[in-house]
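**Q** Here's the letter readout for the chains.
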Amino acid sequence: MIIQGVLVGGLYAMYATGLSVSFGVMRLVNLAHGDLAVGSAFIASTFCLATGLSPFLAIFVVLPLSALVGIGLQVAIFNRVVGVDPSFQIVATFGLSIAIQNVLLQQYTANPRALNVGDFGNRSLKLVGDDVVIGLFPLTRFVVAVLVLVLLSLFIGRTRIGRAFRATSDDPDIARLMGVNIRFIYAVAFAIAVTTVALAGIFNGMQTQFSAADGPALLIYAFESVIIGGLGSLWGTLCGGIILGVAQTIGAEIDPGWKQLIGHLVFLIVLLVRPMGIFGKDELR
Amino acid sequence: MTLLEVRNLSAGYGQFQALFDVSLNVNEGAAIAVIGANGAGKSTLLKSIAGVVDVIFGEIIFDGESIVNLQPHERLNRGIALVPEGRRIFRSLTVDENLSIGAYSRRQGVWNRELVYEVFPMLAKLTDRRADKLSGGEQQALAIGRALMSNPRLLLLDEVSLGLAPIIVKKLYEILPRIRATGCSLIYVEQDTNQALSASEYAYCLLEGQVSLEGKPADLSREQIASAYFGIGVNK
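Top to bottom, those sequences are chains A and B.
Sequential numbering of the first sequence, starting at 1, is according to my numbering.
Sequential numbering of the second sequence, starting at 1, is according to my numbering.
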């Protein structure tokens, strides 16, 4: 049961990664984050219906597309609201959220859809005799989530652009003075954010149904993972996702109706006891 | 030869004008001091040379070309580096990474990591330490080192002594001649006049956004400096 929760946490962490990156680098809270995930899942489903190919192949089409969408959004909308009054960001991203939801509603109606992965979704691995059995799909999803985080932290920790990421996060004015093109950095950050959330949206769609209005609910999970783990810490985000996943699984075990409730309660407790998050820096900036 | 010429410069922040008709000259390889009280416009002068403040009127000529319309990073590419007031190092990056960002422009020259560590030995043993864990003096050394990594021809130093113990300030100022020896010109802005004047061959004093006095430090009397600095007892 706990393992199951941990594996679900991988998905939440994948949702939250993009939020963590865009907040970490740009101090931008993107309220349309969840809607971008749902939108990507719909695009993947269109691709699968049109071609008859597996959703796993759709990933390779949707991800580059979502990177472009990310850059486009950054250039068209977010560059105008970064570094100004946060209320502008909220209005802009909230507006984007509503716009995406309505476009999806128009295009795909309110009917839920799912991405069919065939019997891969039902296969399982026996770990310890017949007692501990885990699904192959949740395991794959978790491994992918960890892989994404490993790649991302290598990128941010080791590369020249990654260094510029962190410098921009610390002090954008001085980074600019050092010759860092912060608009480019922001565009890359947002491309990463949209790509990771698109991946999460597709993985979510392979497991459950999704519909045009699901975005905000997904956004909540992403937020909770980021806050529990601590702002600005990628591994904290994974940990936050896992804590949320485990809490929800335990909640669902007690009573199926308690799944979300227990998750939210754990989130509130963390917020009360350690507002900076488990891996957050001690100082709140 | 003149490296930098600031001509009749007026600059400010939005509605607020901080500099009025300021002119200044820096020869190649020179060390210039800009002194003045808090709020006299010293930092604004450096920032407008570096390109982070709006110029209202006037010209800034660097190496024979006008740079008034260039972005900060374009000015950096031509060899103007600013050590900002309050150090402003990248707090979550290590010492080494701060220097790497300083070299982000990939301007070629004599300065590299090894030389910075040689000139600032206090940094050499802290390469992997996070910058926010450094002492004030070490942070200031890092801020200067970071600027040097871009191989500047003109280094703008904004209040190097701010908040540091006199012995540390003395140490940092002892290093400046080594920087000049690489052919880099310096402008230092200070409130602490003695330190700045003793390290420079020409000085400007700003008062309420205007040049109130200029000359070779040796030619300026204490009384002249005091009246130009505080704007009292001026007898022209």
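Be aware that one or more of the hints could be misleading.
In silico EDC-like cross-links for lysine to aspartate or glutamate, where the CA-CA straight-line distance does not exceed 20 Å [said to hold, decoys possible]: (1) K133/B to D85/A; (2) K216/B to E201/B; (3) K133/B to D119/A.
One side of the interface only, derived from the structure: several residues of chain A facing chain B at Cβ under 8 Å [unchecked claim]: (4) A67; (5) I71; (6) V75; (7) A175; (8) R183.
Here are some of the chain A residues that sit facing chain B, going by a computed Cβ distance under 8 Å [claimed, not checked]: (9) I77; (10) R80; (11) G83; (12) V84; (13) V143; (14) I174.
It should be emphasised that the hints constitute simulated quantities derived from the structure, not laboratory data.
In this text, a Cβ means the ideal position worked out from N, Cα and C, and glycines have one as well.
**Q** Regarding the hint that V143/A lies at the interface with chain B, is the smallest CB-CB distance below 8 Å?
**A** Cβ of V143/A sits 29 Å from chain B, so the hint is violated.
**Q** For the hint on I77/A, does the least C-beta distance to chain B fall short of 8 Å?
**A** violated (23 Å)
**Q** Is the shortest C-beta separation between A175/A and chain B less than 8 Å?
**A** Constraint on A175/A satisfied, holds at 7 Å.
**Q** When you check the alpha-carbon spacing of K216/B and E201/B, does it fall within 20 Å?
**A** This hinted pair holds, its Cα atoms lying about 6 Å apart.
**Q** At a threshold of 8 Å, is the proposed contact between R80/A and chain B supported by beta-carbon distances?
**A** violated (18 Å)
**Q** Just to be careful: measuring from the Cβ of I71/A to every Cβ in chain B, is the smallest value less than 8 Å?
**A** violated (21 Å)
**Q** Could you check if R183/A really has its C-beta closer than 8 Å to a C-beta on chain B?
**A** Not OK, violated: R183/A not within 8 Å of chain B, min 11 Å.
**Q** Grab the minimum C-beta distance from A67/A to chain B and call the hint holds if it beats 8 Å, violated otherwise.
**A** It is violated, given that the least Cβ distance between A67/A and chain B is near 24 Å, above 8 Å.
**Q** Taking the closest Cβ pair, is I174/A under 8 Å from chain B?
**A** Holds, about 5 Å.
**Q** Minimum Cβ distance from G83/A to chain B below 8 Å?
**A** Not OK, violated: G83/A not within 8 Å of chain B, min 14 Å.
**Q** Min Cβ distance, V75/A to chain B: is it shorter than 8 Å?
**A** With a closest approach of 18 Å, the V75/A hint is violated.
**Q** Should the hint that V84/A touches chain B count as held when the rule is a Cβ pair under 8 Å?
**A** Since chain B brings no Cβ nearer than about 14 Å to V84/A, farther than 8 Å, the hint is violated.
Violated hints, in rising order: 1, 3, 4, 5, 6, 8, 9, 10, 11, 12, 13; the structure is consistent with all others.
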